Amino acid sequence: MGVSVQIRGLKGSVSPLFTHLFSVQIFRDCSGNTHAEKTYSFIDLGTLTIWCHCLILQTPIPRVVGEIGRRIQTTGEKTYFRMTTNISKDLLMLMLERMWRIRHFELKLTEMYNAGEVGGVHLYIGQEAVAVGACAALKDSDYIAGNHRSHGHPIAKGANLKKAMAEIFGRIDGYCKGKGGSMHLADFSVGILGESGIVASSVPVATGAALASKLEGKDFVSAVFFGDGASNQGACHESMNLASVWDLPVLFICENNQYAVTTSYKDTVAVEHISDRAQAYNMPGILVDGQDAIAMYEATAQAVERARNGEGPTLIEALTYRFEDHSLGLEKIRKSEYREESEIDEWRLRDPLDLLTKSIVDSGTATPAECDAVSANAHAEVEEAAEFARNSPFPDESELYKDMFASDMPVV
Amino acid sequence: MTEKMFMQALGMGIAEEMRIDPKVFLMGEDVRASVYGAASGLHDEFGDERILNTPLSENGFFGAAVGAAAVGMRPIVETLTSFMWVGMDQLVSQAAKMRYMFGGQATLPVVYRAVMYYGGGSAAHHSDRSYPVFMNIGGLKIVTPGTPADAKGLMKTAIRDNDPVIMFEDGTLLGTRGEVPDDPDFTVPFGVANILREGTDVTVVAIAGSVPRALAAAEEMAKEGVSVEVIDPRTLVPLDKETILNSVGKTGRLVVADPAAKVCSAASEIMSIVGEEAFWDLQAPMQKVASKQVHIPFSPSLEKLVYPTSDGIIESIKKTLG
Ligand SMILES: Cc1ncc(C[n+]2csc(CCOP(=O)(O)OP(=O)(O)O)c2C)c(N)n1
Ligand SMILES: [Mg+2]
Chain R
188 MGVSVQIRGL KGSVSPLFTH LFSVQIFRDC SGNTHAEKTY SFIDLGTLTI WCHCLILQTP
248 IPRVVGEIGR RIQTTGEKTY FRMTTNISKD LLMLMLERMW RIRHFELKLT EMYNAGEVGG
308 VHLYIGQEAV AVGACAALKD SDYIAGNHRS HGHPIAKGAN LKKAMAEIFG RIDGYCKGKG
368 GSMHLADFSV GILGESGIVA SSVPVATGAA LASKLEGKDF VSAVFFGDGA SNQGACHESM
428 NLASVWDLPV LFICENNQYA VTTSYKDTVA VEHISDRAQA YNMPGILVDG QDAIAMYEAT
488 AQAVERARNG EGPTLIEALT YRFEDHSLGL EKIRKSEYRE ESEIDEWRLR DPLDLLTKSI
548 VDSGTATPAE CDAVSANAHA EVEEAAEFAR NSPFPDESEL YKDMFASDMP VV
Chain Z
8 MTEKMFMQAL GMGIAEEMRI DPKVFLMGED VRASVYGAAS GLHDEFGDER ILNTPLSENG
68 FFGAAVGAAA VGMRPIVETL TSFMWVGMDQ LVSQAAKMRY MFGGQATLPV VYRAVMYYGG
128 GSAAHHSDRS YPVFMNIGGL KIVTPGTPAD AKGLMKTAIR DNDPVIMFED GTLLGTRGEV
188 PDDPDFTVPF GVANILREGT DVTVVAIAGS VPRALAAAEE MAKEGVSVEV IDPRTLVPLD
248 KETILNSVGK TGRLVVADPA AKVCSAASEI MSIVGEEAFW DLQAPMQKVA SKQVHIPFSP
308 SLEKLVYPTS DGIIESIKKT LG
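Order-wise, the sequence lines are chains R and Z.
Each step along the first sequence adds one to the number in the working numbering, with nothing skipped, and position 95 is 282.
Each step along the second sequence adds one to the number in the working numbering, with nothing skipped, and position 125 is 132.
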């Protein structure tokens with residue numbers, strides 16, 4: 188039995204994947220247009236017709252992008268909506284916890300940077316929902332790889348805060364014994380194949396992990412996080428094509444935070460949306476609200492399901508925003524007018540932590556006090572991690588020549 | 008032992024390792040058809056699953072090999088030296104650096120087979136001898152077999168090795184013949200130079216395609232009563248310094264023949280080591296016989312001037328004898 192919905196000019200019927208009670212909420216869109224928030228409840232729904240995590244665009248794009256990336260033409264103003272399914276309380280609270288870990292981690296680094304304790308790093312503040320929502324849909328046995336904005340992804344995948352912080356301090360107890368630093372956090376034991384300082388260079392690597400999965404008939408998938416700037420690199424395009432022709436279980440998660448340092452993606456990307464490029468590689472391209480952890484989770488979960496079923500890769504474009512400067516230490520660039528303070532303020536109204544907390548509280552999943560406790564805990568963990576990092580020794584000179592090769596052969 | 012061509016020996020090494028270890032697979036452009044020769048017969052034996060034709064995407068599949076290796080596979084990538092520039096970022100930023108950068112967490116058993124065509128009128132874009140570039144980067148094992156037996160034995164070691172390896176397969180050697188052990192347990196270890204000919208007067212260290220030229224030069228010199236020791240290092244990283252230093256200790260004279268361009272070549276590094284560690288053993292200035300520091304010209308009249316030749320090696324040997 189199909190149920191049709193009409194929301195601000197949008198017409199369609201709703202997915203049978205969610206045959207349980209759910210609601211559709213309308214939020215502000217990414218351009219800051221406010222939409223009334225309404226909740227619709229349905230039970231026992233009919234045929235699959237729409238994909239409810241997308242931004243619904245005002246421009247006529249009635250085409251179908253892959254099987255699950257279907258976009259619906261709307262006639263009215265831009266509408267953003269998502270569907271809230273019955274995600275377990277545990278998972279929601281886990282997402283909240285990991286998002287707070289990232290937020291406090293980055294705030295602590297800012298504090299320590301200002302105190303001269305650590306160098307300039309790329310902060311993930313504002314983008315927490317992307318990595319956390321996506322990683323919530325992955326298993327420990329799945330792999331991720333990331334980029335220079337490098338703390339959110341591993342923490343979202345379950346990295347240890349102490350080891351991550353110690354690495355940023357360049358200490359022996361860091362994930363990479365102090366040899367990697369901020370941009371190269373990696374924890375192979377929980378599937379974190381490493382962050383990367385060369386923009387887009389981890390995209391082929393994640394594609395290769397997916398190739399291994401396919402060749403060996405394993406069921407793990409891999410996901411790679413890269414930016415809007417990275418999406419213009421050949422390595423990205425080559426990887427998407429390769430993954431598609433070989434049907435590899437890889438998720439290309441583009442974090443479109445609007446800028447590469449100071450350059451708007453609107454000046455460098457020839458199509459309207461980076462996800463449109465999926466068409467060229469014959470894979471689903473999905474545009475997701477990257478401020479919304481639940482939307483990210485749902486979009487990723489479906490892409491993961493496709494990947495595990497042998498149906499190949501997916502390009503997910505998460506529309507998000509970097510609340511802070513490109514990196515700590517680049518404060519002066521903000522004044523160079525590549526973006527308006529008002530734009531930053533607008534986006535801050537859709538802080539991913541506020542949105543998730545609101546969803547959790549509004550749905551009666553947890554009380555505001557419970558949510559506050561999650562934040563307080565994460566804060567304490569981060570303080571402990573900072574203390575741990577400070578007290579960890581620097582690597583000894585004997586480390587210098589270690590790890591160049593798997594064996595102990597002399598380097599020269 | 009069976010007489011084989013260098014190219015067949017490479018293929019034998021790959022096939023034997025693929026039979027032993029299901030985690031080994033080969034990918035590259037047109038490898039199923041074995042356009043470059045050494046993969047001949049592999050597709051028939053191992054099928055689509057393990058012999059993968061890739062798109063023309065060096066950055067893409069060089070990096071995919073790193074990722075597959077990072078999670079436990081043992082990929083072999085076939086390419087030409089000249090196409091490595093296109094995938095350089097993955098070779099340098101990922102394959103070479105990942106292990107160190109991640110504090111030893113990444114183990115990357117990947118072999119890049121770089122077929123090194125030169126000397127055949129292919130001009131500047133298809134004639135690269137680029138191993139010194141990769142020696143400089145670090146984190147990569149650099150293999151330059153000089154004989155068919157070594158081609159097989161080193162290939163097998165490369166595939167079994169747990170680090171990223173680049174096998175530079177010298178195009179001028181691919182058609183050379185030699186005795187190759189049939190024994191599937193035969194391997195050639197890395198970091199052990201091969202003394203191809205013993206001698207007492209002059210040491211010639213010869214790399215890759217210079218090996219047969221150095222042997223020919225030694226033969227010529229023998230007629231003049233000069234005893235030349237010819238050493239093939241076989242692997243440049245790791246480099247068997249001991250064998251070279253011991254030989255120089257004995258002969259007091261060194262010539263290094265290297266098909267790479269002269270500046271910062273493998274020869275430069277070997278001579279620098281000897282200069283640092285065995286200066287007082289030397290009885291004459293060391294001589295470098297490397298390629299001229301030019302891009303490879305198309306015209307045969309020019310190209311033939313570029314690479315080390317037997318005559319060039321002889322001339323240098325004579326210089327060391329004063
Ligand atoms: C290959 C390469 N070119 C340039 C840089 C310098 N750089 C570092 S981050 C960055 C911008 C990347 O933008 P994007 O991919 O959108 O990621 P974001 O910083 O927005 O998260 C640039 C140009 C680099 N690290 N690597
Ligand atoms: Mg960006």
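The set of hints was computed from the structure by calculation and includes no laboratory data.
The structure displayed is predicted, hence computed values, not measured ones.
We put the beta carbon where it would ideally sit given N, CA and C, even for glycine.
Heads up, some of the hints might be wrong.
[Stated by the list, open to error] One-sided excerpt, in silico: chain Z residues whose CB lies under 8 Å from chain R:
| hint | residue |
| --- | --- |
| 1 | T9 |
| 2 | A156 |
| 3 | S317 |
[Unchecked claim] So these bits of chain Z aren't anywhere near chain R, every CB distance computed over 10 Å:
| hint | residue |
| --- | --- |
| 4 | A22 |
| 5 | K148 |
| 6 | D170 |
| 7 | D189 |
| 8 | P191 |
| 9 | K295 |
Verification of the hints:
{"no.": "1", "hint": "T9", "in the structure": "violated, 31 Å"}
{"no.": "2", "hint": "A156", "in the structure": "violated, 23 Å"}
{"no.": "3", "hint": "S317", "in the structure": "violated, 31 Å"}
{"no.": "4", "hint": "A22", "in the structure": "holds, 18 Å"}
{"no.": "5", "hint": "K148", "in the structure": "violated, 7 Å"}
{"no.": "6", "hint": "D170", "in the structure": "violated, 5 Å"}
{"no.": "7", "hint": "D189", "in the structure": "holds, 28 Å"}
{"no.": "8", "hint": "P191", "in the structure": "holds, 23 Å"}
{"no.": "9", "hint": "K295", "in the structure": "holds, 19 Å"}
When the structure is compared with the earlier hints, violations turn up for hints 1, 2, 3, 5 and 6 and for no others.
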